[in-house]
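Q: Spelled out from the first residue to the last, the chains are:
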Amino acid sequence: MTSPWLHRYAVLWSFCTLFLVVAGGLVTSNDAGLSVPDWPLSYGSLMPPMEGNIFYEHGHRMVATTVGLLTIGMASWLARAEQRRWLRNLGWLALAAVIAQGVLGGMTVLFMLPKPVSIGHACLAQLFFSTTAAVALFTSRSWARGPRMVDDPGAPSLHWFALAASACIFLQLALGASARHKALGILPHVIGALVATGMVLWLTVRVLMRHADHHALRRSALAVLSITFLQVFLGIAAYMSRLATADAPQPMPVMVGFTVAHVATGALTLASSVILAIQIFRHVRRPLADLQPIGVAVPSA
Amino acid sequence: MKNVLLSLAIPCVMFVAGCGGSKTSESTPKEEAAAPAASAPAIDEANAATLTGKVSFTGDKPAMRNIDMSANPACARAHAGAPAKSEEVIVNDNGTLKNAFVWVKAGVPDRQWPVPTTPVDLAQKGCMYGPHVIGVMSNQDIKIVNSDPTNHNIHPLPKINQEWNESQPPNGDSKLKKFAREEVMIPVKCNVHPWMRSYIGVVNHPFFFVTGDDGTFTIKGLPPGKYTVEAWHEKYGTKDVEVTVAAKESKAVDFTFPGA
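Protein sequences, first through last, are from chains A and B. When the letters of the first sequence are read in order and numbered with this note's numbering, they come out as residues 745 to 1045. When the letters of the second sequence are read in order and numbered with this note's numbering, they come out as residues 5 to 264.
In short, the hints are calculated from the structure, not lab data. The structure displayed is predicted, hence computed values, not measured ones. Certain hints may be false.
Claimed, not checked - Here are the computed lysine-lysine pairs in the DSBU-like style, where the Cα-Cα straight-line distance is at most 35 angstroms:
1) 926/A <-> 179/B
2) 859/A <-> 163/B
3) 243/B <-> 179/B
4) 252/B <-> 859/A
5) 859/A <-> 129/B
What the hints assert, rightly or not - Quick partial rundown of chain A residues pointing at chain B, CB under 8 angstroms, derived from the structure:
6) 778
7) 779
8) 798
9) 957
10) 990
11) 994
Heads up, the beta-carbon is just placed ideally off N, CA and C, and yes, glycines get one too.
Bound-form chain B, shown alone (with noise of 0.2 angstroms):
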């Protein structure tokens, strides 16, 4: 009798445990907090060095997939005219990738590098993640927003960051977010809506870019050196580059990710 009380004590605990920890909060992850910004060295503008170039697609251009969001119908209605479309492989009309994610991988000095005080917004609308790929500095805030009439929960999957998972309600407040390690990339779900998919690529370095629609990059600031220059793309993994740029000196640096 006295295993069957046991057994029924420790739910009890977990109750008690499990109402304090799903408490969401506002409060970043309990992770070392990033120098003040100010006293950061800037980055020196006169002898940077500028990265160009553009992230390119070969092959059959994939076909963009539907998707079906019939089960939640506030999802649903906000895309009543035309499905969404899966945002996995946009192969843009000059045959260039977007949501490439541009980094300088090795060779960046060791130094604080200022973080920016500007949040990074990843907003939640029409059960989708917006923008599909956004890069931060390591403890840049990130801005997450849900604008839909339906919950949703953020869910970062990382590999060397801390885990989190938190609801967020419709129209709920925003939450701001941060990561204090460098992580390239970090997938975010939500597990309400399983087709809902982002990633986060976090450097310690404002060396990054997110392509767009006409698939180009630039990296501005960098100073004169060789850099090991990374491509990431969700679906064609990364392609890696050894530049060396002078000072003042602007070079391009090309990507091309074969398709199947």
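Here chain A stands alone, though its shape is the one from the complex (with noise of 0.2 angstroms):
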């Protein structure tokens, strides 16, 4: 039985990397991107003067220690008290990828910015964010209670519709930090919008239609129907404001306010998708043509 305060640890761990990717979107909404040249200290020191620009580097830089000694918590938690080797794993691999994301942000700055790299670092913070999401699932009491299974017949199978989705939210998101960092036009995440949001009415309504009495997988499509909406509205609110003060002469705080609550927002709708995905792969039961191809031994009716 895992500790409570273990689904507790993992849910602050959860909470505070979304903090840090609302910190980070901060970073580059107001281009704060270099305001400090150096890394990893910050001119020169662990505590430079939090002024200008510099309060939105630096302390996007504080909040990833806090989150990196988190994870640091976490996988040694989780490798000292937790049965399940697989999660035992996963945790290394939340610490292996806090490592990588703190090693991308210190050459995003060295390196000023190069574009893979920041693209990079913006991909990475919202898949380890989903991590924290997984593990949080993992590691709660409903969890334990074990699966209730439940029949899904039709093609394509829900498992990989779900599988495809939340791929498909992930390209939405690289395609999105992408134009951020102007490596692309806006059009390729406008056209990912469109298919990223069918892939999730089609999934989410199928879910629903089907299973509505399953009180995990309504609760999990409903989060992820709904999120989404919210995504989409807040993307046209981001680039309508980014348009409305293209004169400025700084960035502006409607501008900020709306493509951070973007940002924030991208991540919790694949970690929404992700958790939908680890949850049809829990309670539903996969077809026979799916298990067939890939060598899974099927009882003969």
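Fit the two chains together into the complex; they arrive one by one in their own frames, and the hints show the way.
A: Next up, the structure:
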């Protein structure tokens, strides 16, 4: 039995990571990425004067350090107390990811925002947040109660659909990061929004139509659906505010607010879709057609 | 476990590299040095031609936008009487544009023009760059001074020259910097104060001018010949004019930028 304190710690870790995504979004939106030219120290010290954009950049580093320490704590706790080996390994994977993320963040400063590194930093942040949300789920009491299996006949299978939706949302986040760091224009991100929203609609409506009486599936599907609609609204608002303030001599609060909310809700969209995919794999029996091609033995009727 | 140790080792290496790489320097970027000014041939003043003119603006005069410096009290205090204004577009009282960079883009004989030994000043005062636009010759020093009681970072964004980003503490020592290659224009940002922006025009010869409060320009010492003269403006882009000058001739060249 997993300690309830481990789950609470995982939830705290996940919230702090979301806050870190917000802090990172504030850095980019305020054009503060290079306001501290050195790394890992800031102006040669651990605590520079928090003035102007240094507040955002050094604040981001402080929150990142906190999340790094929390991740060390999580990996260590899982290694000592968790019986599921795969979950212990996931803790180590999270630790490796947060270290890689720190290195990428340092490279963005030292090499003055090379686009592939900045985009990689943004994408890994989204994946890392989804990992923390998944660990919070795996350590929860509802997970410990075990699955309540249901069938979902039809093609394509709900499992592949859920994976495709999460992959699609991740690609959409990568396109958003590419637009934000000026590697691509806005058009691919807009097209990606249409595709990702369509995938989410298709997946969640199918889950809600067929499994409305399944608590875990219904709750996860509703979460993805509502967060996705909020994300589309925030995307439009962020773009409109950017157009409206294009002539401003500095980043304006309305643009910064909508854009950072869009970035954070993007992280929530991916994490909720990952949670839905995990719940589908846990609670929905895989159709025979899915199992046979990958060599799983299927008992004859 | 080996992988975890390796992952931990990488940021340690980056830490050491970061400490070394973050040191600011008063030296110039490692690019080719200019030939000594003394060895370069002087301008033939006796036969030199002169270009004069103005950079005009037509249309409704755009309002200069206020800058909100409340994020940094030290900056806000410097403009306590009246808010600082964006210098992106300054239309002079006589209908001309300030901060237009006029330069001879093509036709200048390919020779080693003497590089002035006097640096061009780029100040950070009241959390604004001043002047907003400067012109220098390739390998001419730019003296960067921070007179503010707050940290700045100086971050030029060249496409041809080498990019750099260095901090400058309050009332710290001045920095001498130079750019080796011709590039019109190089934006300069301060990422601590995102409203701070300046532009540097780097030219291989001395035939350039930045318009001031009367919007006029004078380019002296041109050898006789046929030239392309360009006027650049931060918001309105560039305009080119072809002009031919004879020895000792003085010719007028005007540019007009229509507003929105």
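Q: Are the hints correct? Go through all of them and say.
A: Now for the hints, and whether the structure bears them out:
As the CA atoms of residue 926/A and residue 179/B are separated by approximately 31 angstroms, the hinted pair is consistent with the 35 angstroms bound. With a C-alpha separation of about 15 angstroms, the suggested pair residue 859/A and residue 163/B falls inside the 35 angstroms cut-off, and the hint holds. With a CA separation close to 33 angstroms, the supplied pair residue 243/B and residue 179/B stays within the 35 angstroms bound. For the hint pairing residue 252/B with residue 859/A, the CA-to-CA distance comes to about 51 angstroms; that exceeds 35 angstroms, so the pair is violated.
This hinted pair checks out: residue 859/A and residue 129/B have alpha carbons roughly 32 angstroms apart, not beyond 35 angstroms. Taking 8 angstroms as the C-beta contact cut-off toward chain B, the hint placing residue 778/A at the interface holds, the least distance being around 4 angstroms. Satisfaction of the interface hint for residue 779/A is found here, the shortest Cβ-Cβ separation to chain B being roughly 4 angstroms, below the 8 angstroms cut-off. The interface hint given for residue 798/A holds, since its Cβ lies 6 angstroms from the closest Cβ of chain B, which is under the 8 angstroms cut-off.
Because the smallest distance between the Cβ of residue 957/A and any Cβ of chain B comes to about 44 angstroms, over 8 angstroms, the interface hint for this residue is violated. The interface hint given for residue 990/A is broken, as the beta carbon of that residue sits about 12 angstroms from the closest beta carbon of chain B, more than 8 angstroms. Restraint check, residue 994/A versus chain B: the minimum CB separation of about 4 angstroms is within 8 angstroms; hint holds.
Hints 4, 9, 10 from the earlier list are contradicted by this structure; the remaining hints agree with it.
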